[in-house]
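Protein chains in written order, with the numbering used here: chain A, 5 to 332; chain B, 1345 to 1543.
Keep in mind that the hints were calculated from the coordinates and are not lab data. Keep in mind that a hint or two might mislead.
Claimed, not checked - A partial selection of chain B residues facing chain A, derived with a Cβ cut-off under 7 angstroms: (1) A1357; (2) G1361; (3) A1458; (4) D1491; (5) A1492; (6) P1520; (7) Q1531.
What the hints assert, rightly or not - So these bits of chain A aren't anywhere near chain B, every CB distance computed over 10 angstroms: (8) R33; (9) R43; (10) L53; (11) G54; (12) D57; (13) L58; (14) R90; (15) R92; (16) D158; (17) G164; (18) C187; (19) A189; (20) R191; (21) G251; (22) M255.
For each residue, glycine too, the CB sits at the ideal point set by N, CA and C.
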Amino acid sequence: MSELVHDLGIPLRFTPWRTTSRYVHWFTREHGRIVTLIRGALRPKSFHLGQCDLFATSDLVFYRRAGDAIHLLRECRLLRPRPSLRTRWAAASAASAAAELLLRALPPSAPHPRLYDLTSRWLDALGDAPCPETALVWFELRVLDLEGLGPKLDRCAGCGRTHPLPSEAAFNPAAGGLLCGQCRAQRADQRGISIPLPRAILDALSAWRHAGHPTHLPAPLPPRLLHPLSDAVGAFLRFHLHTTLPGRDLMLEVLREASPDRFALRPPPLTMDSNGRVAKLADAQDLGSCGAIRGGSTPPSPTRPAVAGSPPAGCPPPPTNIPTETSP
Amino acid sequence: MIEPLERLIEVLARLPGLGRRSAERIALRLARDRNRALTDELIAALTELRTRVAQCRLCGGITTAEANPCAICTDPRRDPGILCVVEDPADIAAIEASGAFTGRYHALLGRLSAVRGEGRHHLRADELFRRVESEHIEEVVLALDTDAESEATARWLAEHLAALRVKTSRIACGLPVGSGIAYSDPQTLEQAIRRRVPL
Chain A
5 MSELVHDLGI PLRFTPWRTT SRYVHWFTRE HGRIVTLIRG ALRPKSFHLG
55 QCDLFATSDL VFYRRAGDAI HLLRECRLLR PRPSLRTRWA AASAASAAAE
105 LLLRALPPSA PHPRLYDLTS RWLDALGDAP CPETALVWFE LRVLDLEGLG
155 PKLDRCAGCG RTHPLPSEAA FNPAAGGLLC GQCRAQRADQ RGISIPLPRA
205 ILDALSAWRH AGHPTHLPAP LPPRLLHPLS DAVGAFLRFH LHTTLPGRDL
255 MLEVLREASP DRFALRPPPL TMDSNGRVAK LADAQDLGSC GAIRGGSTPP
305 SPTRPAVAGS PPAGCPPPPT NIPTETSP
Chain B
1345 MIEPLERLIE VLARLPGLGR RSAERIALRL ARDRNRALTD ELIAALTELR
1395 TRVAQCRLCG GITTAEANPC AICTDPRRDP GILCVVEDPA DIAAIEASGA
1445 FTGRYHALLG RLSAVRGEGR HHLRADELFR RVESEHIEEV VLALDTDAES
1495 EATARWLAEH LAALRVKTSR IACGLPVGSG IAYSDPQTLE QAIRRRVPL
């Protein structure tokens, strides 16, 4: 027996069904992640045509079926189209990576209104974000916090000691955050690798954690800090969500290609071993000072088009000062 | 269900537009094919498809192995200076049916999408940039779909094409012929009014 319910939702993915129908994977406020079928969605006279778009908020009425079944959409009305995500491809790429994260991280039909509100406000702000990759990493950390999986950044994840953390604390996904030197040495060969993060990144992370409203995205980090941080957060996500995020890597590749220093600071990808641990890719000596990130600059592809000189809209040039605080 | 039939149903159900029930109907119809005429024809057609059908090495559309590049790419009556970029080879047939375009095509075979696992190297974007330079293309028409990811892919392509100093345009977006304004969604109406044409 199905029940008619009303909710707000953001489409994260469309998948085709038959010729003109399609499934819509929604993140709804009151029902969590659900899938609805829109019959005849692509017919020119479809009542639902243009009423739902990726990353836009719609008001929807659907017949809810029991369990994780596919629900049937009855009405849909576009409330907040977010047109800037259609015109700024870099922002749309970050939104696409965020959609992948939500699709993989959220269990079906489990309401999470706080995460929904965060996502909605973050998408509002993303269209104007000067650096979509910074905004994406910030969002990922917020999602982890709301899921109760946020990395411990203000104290050692091993012994709990708050001060003094070394100037280059090690970020260990398996341990759940930063490790002091002693704990890092103890865990060296036990649970995956530790990724050294410079003090400037830790300061920025601390500022992000204490910054308030999701409509105020943090100021862009320069690529030399952003890319190591982004890769460390990616390793953390993969470890704690027990999944890969291939789309995230693809979107970061596109965003970094657009970055002015796109051939610098490209790390090797972190992978997980059969036990779900982050695999060791290099010896500790090779990592050195921010060295886990330093070694792997990627040469330009021989097939790359001649686009250098006028980089497209990705990250802006690195600022001279490191942001330490965002607006409340 | 016996094993060969079950296997056929599983394969058929993977095809677009076919669910398990439709796959069962087709499989049972083939199983009842007494003199094997239909089955033999199907096998012959599939074998020919496998051996003869290929992807056009220029546009990425569907052609035969012996006519590669395809008929559109080699047609001398086509305008060689204008290239229409589509996401899927099926879109080429749709635009051809309209009869409105006389240039050549380029199928991207995807779009930038994390949830679909398609990045820039999954697209035939580098081939497009090479074609623009080697074939001295004067205009590229981006005929991608109109959802957010396709729109973003079009913008991404436009930025790269701008560096190649080629004129780039996007197909217009507006009301479908025969529809009513009162039944149109706000986004489509906004696009239709913003991109209105003088009479």
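Practice problem: Take a quick look at A/L58 and tell me if its Cβ sits farther than 10 angstroms from every Cβ on chain B, holds or violated. | Solution: violated, 4 angstroms
Self-check item: B/A1357 as chain A interface residue, shortest Cβ-Cβ below 7 angstroms
Solution: Where the cut-off is 7 angstroms and the nearest Cβ of chain A is about 13 angstroms from B/A1357, the hint is violated.
Practice problem: With 10 angstroms as the threshold, tell me whether A/L53 passes as away from chain B on beta-carbon distances. | Solution: At about 6 angstroms from chain B, A/L53 fails to clear the 10 angstroms cut-off, so the statement is violated.
Self-check item: Interface-negative label, A/G164 against chain B, beta-carbon threshold 10 angstroms
Solution: holds, 36 angstroms
Quiz item: Taking the closest pair, is the beta carbon of A/A189 still more than 10 angstroms from chain B?
Solution: holds, 37 angstroms
Practice problem: Decide, holds or violated, for the assertion that all CB atoms of chain B are farther than 10 angstroms from the CB of A/R92. | Solution: Non-interface label fails for A/R92: nearest chain B Cβ at 7 angstroms, not farther than 10 angstroms.
Practice problem: Beyond 10 angstroms from every chain B Cβ: check whether that's true for A/R33. | Solution: At roughly 20 angstroms from the nearest Cβ of chain B, A/R33 sits farther out than 10 angstroms, so the non-interface label holds.
Quiz item: Close enough to count: is the Cβ of B/A1458 nearer than 7 angstroms to one in chain A?
Solution: holds, 3 angstroms
Quiz item: Per the stated criterion, does the least C-beta distance between A/D158 and chain B lie above 10 angstroms, as a non-interface residue requires?
Solution: holds, 31 angstroms
Self-check item: Consistency of the no-contact label for A/C187, given chain B and a CB cut of 10 angstroms
Solution: holds, 34 angstroms
Quiz item: Closest CB-CB distance from A/M255 to chain B, is it above 10 angstroms?
Solution: violated, 5 angstroms
Quiz item: Any Cβ of chain B at or closer than 10 angstroms to A/R191, or is the non-interface label fine?
Solution: Label holds. Min Cβ-Cβ 32 angstroms, cutoff 10 angstroms.
Checked against the numbered hints above, the structure violates hints 1, 10, 11, 12, 13, 14, 15, 21 and 22; every other hint is satisfied.
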